[in-house]
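Novice: Residue numbers (our numbering), protein chains in the order written: chain Y, 7 to 272; chain G, 13 to 340.
These are computed hints drawn from the structure, not numbers from a lab.
There's no promise every hint is true.
Output of the computed footprint for chain G on chain Y, the stretches with three or more beta carbons under 8 Å from beta carbons of chain G [as the list claims (entries may be wrong)]: (1) 73-87; (2) 222-235; (3) 263-269.
Note that this is a predicted model, so its numbers are computed, not measured.
Where is the CB? At the ideal position from N, CA and C, for every residue including glycine.
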Amino acid sequence: MKFVVLIKNVPDTESKIKPTPDRKTIDTQGIKWVISTFDEYAIEAALQLKEKFKDGSTVTVVSLGPDRVVESLRTALAMGADEAVHVWDPAFEGTDALNTAKILAKVVASLGYDLILGGKQGIDYDAAQTCAAVAEHLGIPQVQVVTKLEMSDDKTKITARRRVEGGDEVVDIKLPAVLTCEKGLNEPRYASLPGIMKAKKKEIKKVGLSDLGGLGPQDVGAAGSATKVVGYEPLAERLGCRLIEGEPADQAVKLVRALHEEAKVI
Amino acid sequence: MTHDVLVFAEIRDGQLKKITAEVVTAAAKIAGKSGGAVDLAILGNALDKAVDEAASLPVRNVFVVKSPVLEKYSTEGFASGLEAVIRKADPCVVLFGATAMGKDLSARVAARVGAALMTDCVDVDFENGALKAKRPVYSGKVYAHVVSTNQGIKMASIRPNIYPPADKGGNRAALEDVALPIAGDAIHGMVREMEGSGAGKKDVTEAEIIVAGGRSLKSAENFKILEDLADVIGGSVGASRAAVDAGYAPHSKQIGQTGKVVNPKLYIACGVSGAIQHLVGMRTSKVIVAVNKDPNAPIFQSADYGIVGDMFEIVPLLTTEFKKLLNG
Numbered sequence: 007m008k009f010v011v012l013i014k015n016v017p018d019t020e021s022k023i024k025p026t027p028d029r030k031t032i033d034t035q036g037i038k039w040v041i042s043t044f045d046e047y048a049i050e051a052a053l054q055l056k057e058k059f060k061d062g063s064t065v066t067v068v069s070l071g072p073d074r075v076v077e078s079l080r081t082a083l084a085m086g087a088d089e090a091v092h093v094w095d096p097a098f099e100g101t102d103a104l105n106t107a108k109i110l111a112k113v114v115a116s117l118g119y120d121l122i123l124g125g126k127q128g129i130d131y132d133a134a135q136t137c138a139a140v141a142e143h144l145g146i147p148q149v150q151v152v153t154k155l156e157m158s159d160d161k162t163k164i165t166a167r168r169r170v171e172g173g174d175e176v177v178d179i180k181l182p183a184v185l186t187c188e189k190g191l192n193e194p195r196y197a198s199l200p201g202i203m204k205a206k207k208k209e210i211k212k213v214g215l216s217d218l219g220g221l222g223p224q225d226v227g228a229a230g231s232a233t234k235v236v237g238y239e240p241l242a243e244r245l246g247c248r249l250i251e252g253e254p255a256d257q258a259v260k261l262v263r264a265l266h267e268e269a270k271v272i
Numbered sequence: 013m014t015h016d017v018l019v020f021a022e023i024r025d026g027q028l029k030k031i032t033a034e035v036v037t038a039a040a041k042i043a044g045k046s047g048g049a050v051d052l053a054i055l056g057n058a059l060d061k062a063v064d065e066a067a068s069l070p071v072r073n074v075f076v077v078k079s080p081v082l083e084k085y086s087t088e089g090f091a092s093g094l095e096a097v098i099r100k101a102d103p104c105v106v107l108f109g110a111t112a113m114g115k116d117l118s119a120r121v122a123a124r125v126g127a128a129l130m131t132d133c134v135d136v137d138f139e140n141g142a143l144k145a146k147r148p149v150y151s152g153k154v155y156a157h158v159v160s161t162n163q164g165i166k167m168a169s170i171r172p173n174i175y176p177p178a179d180k181g182g183n184r185a186a187l188e189d190v191a192l193p194i195a196g197d198a199i200h201g202m203v204r205e206m207e208g209s210g211a212g213k214k215d216v217t218e219a220e221i222i223v224a225g226g227r228s229l230k231s232a233e234n235f236k237i238l239e240d241l242a243d244v245i246g247g248s249v250g251a252s253r254a255a256v257d258a259g260y261a262p263h264s265k266q267i268g269q270t271g272k273v274v275n276p277k278l279y280i281a282c283g284v285s286g287a288i289q290h291l292v293g294m295r296t297s298k299v300i301v302a303v304n305k306d307p308n309a310p311i312f313q314s315a316d317y318g319i320v321g322d323m324f325e326i327v328p329l330l331t332t333e334f335k336k337l338l339n340g
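This is chain G alone, in the form it adopts within the complex (with noise of 0.2 Å):
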């Protein structure tokens, strides 16, 4: 077993995604304890673009695996040719990001290899040999600090939007083919297309800004104030519980214990109650806005800015106000 950290490079549409380059950045740090190189496993089919990418990252090498068994993901497919990357590159740490590919594939690999895994962390570290991670538990109620206790390969799922982006570009890796061993009828489960409500927008766990709507917004038509809101400062629209359960947005935009955990550096709650449902779901956001009829709110007690007042008025003189800030 190397000293070196292996970063699982994730795809989407032939490019890198963001969580690609923030994962490296806790990659290097980890390295630079363990005494060790980053690299890459990329893995996929039509890869040419993305791997001229994974290789402008500042990591040593970048391990290919390429085949048309990989065009979709699956999961066994994606596990065995990760399985061969960890064979031949025999890292000490393997990450992943803590995205719906990351966390399928990450526990799948770590059971095989039997090695340990932590989920979804916010911080992650290496001290005499073992890796060590701070992760949100209960729903995000409280961090668990959890290390690891094996000799042998150590894993974790780093949450996105905490780490920043290694840069890309000044550097050129070096490339190293890992062929598949897995045939494609061994494979029994495989993804056949993406259905996208969203195709094209950003999910909510990746915004950096959120604006959020809660059952005041009374109809899914009104949720456009906050669209428009969210369009002037690049932002994501999200849910409550509360307003995705009255149809008026999808659940994949629900923010919350059952839906998602965003972590973005700016979130504005119109018409949110703030149920504790509800913040776990973005209590970590860097700024809190809070915009509400209600001056009771339980959401004022977690934001850091707050407007009592009614939202139909508000949001859209902050848009106004916004555009003239964006653009004057």
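Bound-form chain Y, shown alone (with noise of 0.2 Å):
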């Protein structure tokens, strides 16, 4: 089988994000850049697949980014993944997440699929849009934010559990199809020191806008995109906290009181 995974390059969870003073942009000094949390849910879904089936099933990991991106598709490479595709253009810079669907779709398109993996949302822009353009652009189904995953043994088929407000849902999907995931579904495992060394000397596949056939400067990035980022605002400040003091049972009557009579919450 052939499993491919979206994959995005972006600034860690811990990272300070800050306007610019303009507010145009977010300041990215200092930023440390990683493969987005939900990804590495589906790069470890994708290899215990090829791992479970032993049948010379491949993964191959696509990334669309400037040139930050190739050390993500470096760390898949160290974690098991086969193949790795660093797709990028002068001309994409400004591209939205339906834009970039567009693009991935053509490339996972050429590259053959039997199942596309990617995480539930990128945690840079939590848009959660791609992987779902990816599936209607390929004319295939989709099961997003997954907590469970069981392949049928003649591989045509997925059971997956999928977060709903309130529970999971058990969903059918047939091959070939769209999956993205959820945290829970599994645990991520941590790239070995000898995959490393041998992700290092790995060939990365570049595809850049001549090799997307049907796709001109007019169609991709801020061109081609139906979205645009005018400006960032900073969280409003809380006004600071009140500590409530007293004796326990004190304290509790005068936070009750606060909360009915001056928030008015209760």
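Take the two lone chains and join them into the complex the hints point to.
Specialist: Here it is in structure tokens:
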């Protein structure tokens, strides 16, 4: 089987995210770039399926972004992925989630696939759009926010659990399909030292605009995107915490009164 | 393309979910600026009760796509049905709730019709023919202001608990049936059934009041003291990642960066240290209360009210006091 995993290179979760003084962009000074958290579950899921079937299946990771994404591709190779594809072109600058999907769908179509996996959302823009849009462009079914998955022995379908409000839905889906991963699906493995050394020597395939048949510069990047971020705004500051003093019984009385009379939330 | 706003109505167990009425409020704001009307699209099979509810909302038309094929949710089935409504109604804006279903469907349909799409918006507006939205990014550390730049349809999904629900009653919208184009055998992925760990209980993302616990609960059984408080004040119980990782609560209750994002009017954090990864999941709560033994816990910097104390002592006392307040 051919597993294709779509991954994104993003600021790590510890990063302090600050708008620049003009609030038009994010200050990327000192940011550590990593594989988006939910994409790690996708890589691990693909590796586990490959290991389960032991039938010569391959895992190909694909990432769209500037040169910094190469490090994430190498990490995925070090974890055990077989091939990596770096998709970038200066013309892609300003691409939004749906436009990214249009580009990635072309790339994935030319690679061939049985199952496409991704994280439920990139932890930078939290759009949760790209993988579903790739499924639409390829004309295949999708199941998102997957917390559990089982592939049938004949490799034609998957039974997945997906997280919804109030519980999990059981979903039956035929391959080929797109699946996005939620926390709890698995525990992503660490790259081993031999894996890291091998990954350093692996060739990373490059794909640019000219490799995408049928898409011109007006179809990609800012020109091809229907949304644009025009600015950033920090969260509102809280006015400060009022500590409630006294004996526990007293504190409870005062807090309940404050929530009822002052904050008026109960 | 008209100036109208179409709202995807979300149903659970044959009833409209609360988010639908909230999205109608957002839609009314947009329609006021775009100069159009608000319509609803409702899809499913056992729909009569939900259609009645929908028609009582302040909307013009309710487009009904009824088919046995839509008895259970499938992305392909619902995308086909909603696309058919969009082609008929020809709206300039389509709004969804930013729920599991709304996020799944909106991305598919936006890609299909070439629309602009903004996910999980906390504010939407319409100006100079463009849809504008404010939405949390970087796991809620900052807001992004996004605008549509296309001439076609603009779509957005609205975060729950942001807009007040529109009033039901006092209206009787016109009903219009729309046929479902897709055949059942063309659908290759479908929901079979629901497994409710908290079936019937409100999901934390829908809760107005949340009582959350951290690893200091020390056991799953101890979560009962939070449940007792939540029951009295009509809240739901949430958990920090540390509590979930330690096995004291299921992941479905986890609040934070790799859990759920919530926006209740009251968030009571008990024994939660307040790491940034947790804060990004609840920071927009209207009122935050922290109860923690450690006076230096970061949570106090994000709280409005705080008690430095042992939650095993404080929480039951709060339960008693709230009982007095609400029953007395």
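Novice: Would you mind marking each hint as holding or not holding in the structure?
Specialist: Hints versus structure:
no. : hint    : in the structure
1   : 73-87   : violated (count 0)
2   : 222-235 : holds (count 5)
3   : 263-269 : holds (count 4)
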